[in-house]
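Q: So the sequence lines, in the order shown, correspond to chains A and B.
According to my numbering, the first sequence is numbered sequentially starting from 1.
According to my numbering, the second sequence is numbered sequentially starting from 331.
Hints in this document: simulated from the structure, not taken from any laboratory.
The structure presented is a predicted model; accordingly, all values stated were derived computationally and were not measured.
Note that CB positions come from ideal geometry on N, CA and C, so glycine has one too.
Be aware that a few hints might be false.
Simulated DEER-style distance windows between Cβ atoms [as the list claims (entries may be wrong)]:
#1 Q416/B - K324/A: 58 to 64 Å
#2 A202/A - H526/B: 39 to 45 Å
#3 Q416/B - S249/A: 55 to 61 Å
#4 W458/B - A16/A: 31 to 37 Å
#5 P397/B - M307/A: 54 to 60 Å
#6 L107/A - A512/B: 55 to 61 Å
#7 V310/A - Q416/B: 34 to 40 Å
#8 V310/A - A402/B: 35 to 41 Å
#9 A202/A - P368/B: 21 to 27 Å
#10 G356/B - P314/A: 52 to 58 Å
#11 A385/B - F146/A: 56 to 62 Å
#12 R10/A - W458/B: 22 to 28 Å
#13 V310/A - L347/B: 42 to 48 Å
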Amino acid sequence: MSVFAALNGRARWLLALFVASLALAPVAADRYILSVLILIFYFAYLGQAWNIMMGFAGQLSLGHSLYVGLGAYVAAALWTKFGVGPWAGMFAGMAVAMAFGAAIGWLGFRFGIAGVYFALLTIAFAEFTRIAFDHMDWTGRAGGLFLPVRAEQAHQWWNLRGGPLLFYYLALALMLGALWLCAALRAARIGHYWLAVREDEAAARALGIDVFAVKMKAVLISSAMASVGGTFYAFYYNNLFPAQIFDMSRSIEMILAPIVGGLGTLIGPILGAFILTPLGEGLIAATEEAGLSAPGTKAVFYGLALMAIVWVAPSGVWPWLRRKLGLETP
Amino acid sequence: MSRFLEVAHVTKRFRGLTAVDDVSFGLEKGAIYAIIGPNGAGKTTLFNLLAGVYAPDAGHIAFEGTPIAGLAPEKICQAGIARTFQIVRPFPGLSVLENAKIGALLRHRDPADAEQAAGETLRRLDLWDKRRQLAASLTLPDRKRLEMARALATEPKLLLLDEVMAGLRPTETDRIVAILKALAAESGLTVLLIEHVMRAVMALAERILVLHHGAAIAEGEPTAVVRDPLVLECYLGAEALE
Ligand SMILES: Nc1ncnc2c1ncn2[C@@H]1O[C@H](COP(=O)(O)OP(=O)(O)OP(=O)(O)O)[C@@H](O)[C@H]1O
Ligand SMILES: [Mg+2]
Numbered sequence: 001m002s003v004f005a006a007l008n009g010r011a012r013w014l015l016a017l018f019v020a021s022l023a024l025a026p027v028a029a030d031r032y033i034l035s036v037l038i039l040i041f042y043f044a045y046l047g048q049a050w051n052i053m054m055g056f057a058g059q060l061s062l063g064h065s066l067y068v069g070l071g072a073y074v075a076a077a078l079w080t081k082f083g084v085g086p087w088a089g090m091f092a093g094m095a096v097a098m099a100f101g102a103a104i105g106w107l108g109f110r111f112g113i114a115g116v117y118f119a120l121l122t123i124a125f126a127e128f129t130r131i132a133f134d135h136m137d138w139t140g141r142a143g144g145l146f147l148p149v150r151a152e153q154a155h156q157w158w159n160l161r162g163g164p165l166l167f168y169y170l171a172l173a174l175m176l177g178a179l180w181l182c183a184a185l186r187a188a189r190i191g192h193y194w195l196a197v198r199e200d201e202a203a204a205r206a207l208g209i210d211v212f213a214v215k216m217k218a219v220l221i222s223s224a225m226a227s228v229g230g231t232f233y234a235f236y237y238n239n240l241f242p243a244q245i246f247d248m249s250r251s252i253e254m255i256l257a258p259i260v261g262g263l264g265t266l267i268g269p270i271l272g273a274f275i276l277t278p279l280g281e282g283l284i285a286a287t288e289e290a291g292l293s294a295p296g297t298k299a300v301f302y303g304l305a306l307m308a309i310v311w312v313a314p315s316g317v318w319p320w321l322r323r324k325l326g327l328e329t330p
Numbered sequence: 331m332s333r334f335l336e337v338a339h340v341t342k343r344f345r346g347l348t349a350v351d352d353v354s355f356g357l358e359k360g361a362i363y364a365i366i367g368p369n370g371a372g373k374t375t376l377f378n379l380l381a382g383v384y385a386p387d388a389g390h391i392a393f394e395g396t397p398i399a400g401l402a403p404e405k406i407c408q409a410g411i412a413r414t415f416q417i418v419r420p421f422p423g424l425s426v427l428e429n430a431k432i433g434a435l436l437r438h439r440d441p442a443d444a445e446q447a448a449g450e451t452l453r454r455l456d457l458w459d460k461r462r463q464l465a466a467s468l469t470l471p472d473r474k475r476l477e478m479a480r481a482l483a484t485e486p487k488l489l490l491l492d493e494v495m496a497g498l499r500p501t502e503t504d505r506i507v508a509i510l511k512a513l514a515a516e517s518g519l520t521v522l523l524i525e526h527v528m529r530a531v532m533a534l535a536e537r538i539l540v541l542h543h544g545a546a547i548a549e550g551e552p553t554a555v556v557r558d559p560l561v562l563e564c565y566l567g568a569e570a571l572e
């Protein structure tokens, strides 16, 4: 646990309490609550992956749906077409996503495409890939790819076939694993170099830092992590549509939790997901209840809530909350 | 035997303007050298050539016998030349300790070792008490010292200091002079500094190079250089004689 050495005693207790209550939550929670918690963990996990790029290394990606989609499609296609299990599929998806990440990173970082132009590059790759998948017969074109749900496989948990509990603990493990990984990376040499590059590239180079290599490591790790989220998504929902999984709105959805929670922090993506996902779900329920079925009603309220949060805690909820809770390390 | 740093006929042009014009000089190991000259003389541009920000349009630069002209800034730092920026560039969102630690990570790959080394550097530069502050919150004198600490943390053989004393009060200047003297005496560090504060230059430098309109107009021992008629005319003015 040396990666959490920086936490003070109080923070350690809170973290332990948090993990324990989530581990025990299925005892009390019903199916609906579990499904919301799974979504929260999923977005916390993806937020953590994106946060490496933007929060740590300062590179704005607005096309992370690309890596999620590739991780989902590669693993799902290997499973449905060849019966290759999801664990092998996950690594295959990772490899493909990293290859795309490497291509984007190489183009952007080698040719000095920075800031919003880099973001445009990431969007372009995601969009082109969406269009390609829309026309690819092998993965069912725009009509979608479906993972068969068979009764005889229902208990093959090692093949990610199972009920909500399996996916609950899987998603929880993903979220906590990502937290641990990001804490370790942040404390390592590469984590410091990411921050240096984020803060000032010219100053970083003057300190002997190979900025290109440092940024490439960020995009490779981030794309690999995001693709694992995609594999999870595929086996959880059992259906994939290019228009859904590669869509730009997916990339945006993914970045809200770390931004609201606190860019560049370890807890931010988790806290952000715990705020935003229930908020979104609650708004769906509330607007249905109130009979407000006009399209966009939810989006308006969601937008207002986001604005309110950002107004109260402009650098993210976690830095603000950490102060309030007295968790600042001395 | 080749010199520690050898600069031979180096020229750098920006479109029409020749910022550095056929400059040659050399440094011996373990000494303190100064570059002086009026604003716009090309001092910072010469540093940028040494530090790899620009490649010279003509000429050669060799460090410890190896050509370095045109190498990337990170390669030059790895080779043992560290620099500060005239307009300081701390990592504003990081603490003072993290700033220095990032420098120290070049030679200490283990973060714990790097933190230890960074701490020692901060103590040298009287920044230890401020190690937890954000760099953005420091005053200008502190930022200048942080700039030096971060460069020193990379454990260079040659340190390039670009006007680290500009805008400081005399007591602050004396403090930096003392720190630099101690460093050079103890660790055999070679220092090349650009400085307008003549009091500091005279207290520190063993040799001085004077730039004017990009060209080297004088080079030599401080007492000789400040009496050079051309230097007096171009830069120092008559009052420096008194
Ligand atoms: N990147 C650049 N592009 C164009 N011109 C430049 C550039 N950098 C410097 N110059 C010009 O080159 C000349 C030398 O500038 P330099 O910054 O080297 O002077 P300096 O001796 O450091 O001056 P100061 O004492 O004011 O810091 C100036 O005329 C400056 O305007
Ligand atoms: Mg200058």
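Q: Does each hint hold? Answer for all of them.
A: Going through the hints against the structure:
no.: 1; hint: Q416/B - K324/A: 58 to 64 Å; result: violated, 41 Å
no.: 2; hint: A202/A - H526/B: 39 to 45 Å; result: violated, 23 Å
no.: 3; hint: Q416/B - S249/A: 55 to 61 Å; result: violated, 46 Å
no.: 4; hint: W458/B - A16/A: 31 to 37 Å; result: holds, 34 Å
no.: 5; hint: P397/B - M307/A: 54 to 60 Å; result: holds, 57 Å
no.: 6; hint: L107/A - A512/B: 55 to 61 Å; result: violated, 48 Å
no.: 7; hint: V310/A - Q416/B: 34 to 40 Å; result: holds, 37 Å
no.: 8; hint: V310/A - A402/B: 35 to 41 Å; result: holds, 39 Å
no.: 9; hint: A202/A - P368/B: 21 to 27 Å; result: holds, 26 Å
no.: 10; hint: G356/B - P314/A: 52 to 58 Å; result: holds, 53 Å
no.: 11; hint: A385/B - F146/A: 56 to 62 Å; result: holds, 58 Å
no.: 12; hint: R10/A - W458/B: 22 to 28 Å; result: holds, 27 Å
no.: 13; hint: V310/A - L347/B: 42 to 48 Å; result: holds, 46 Å
Hint violations for this structure: numbers 1, 2, 3, 6, all remaining hints satisfied.
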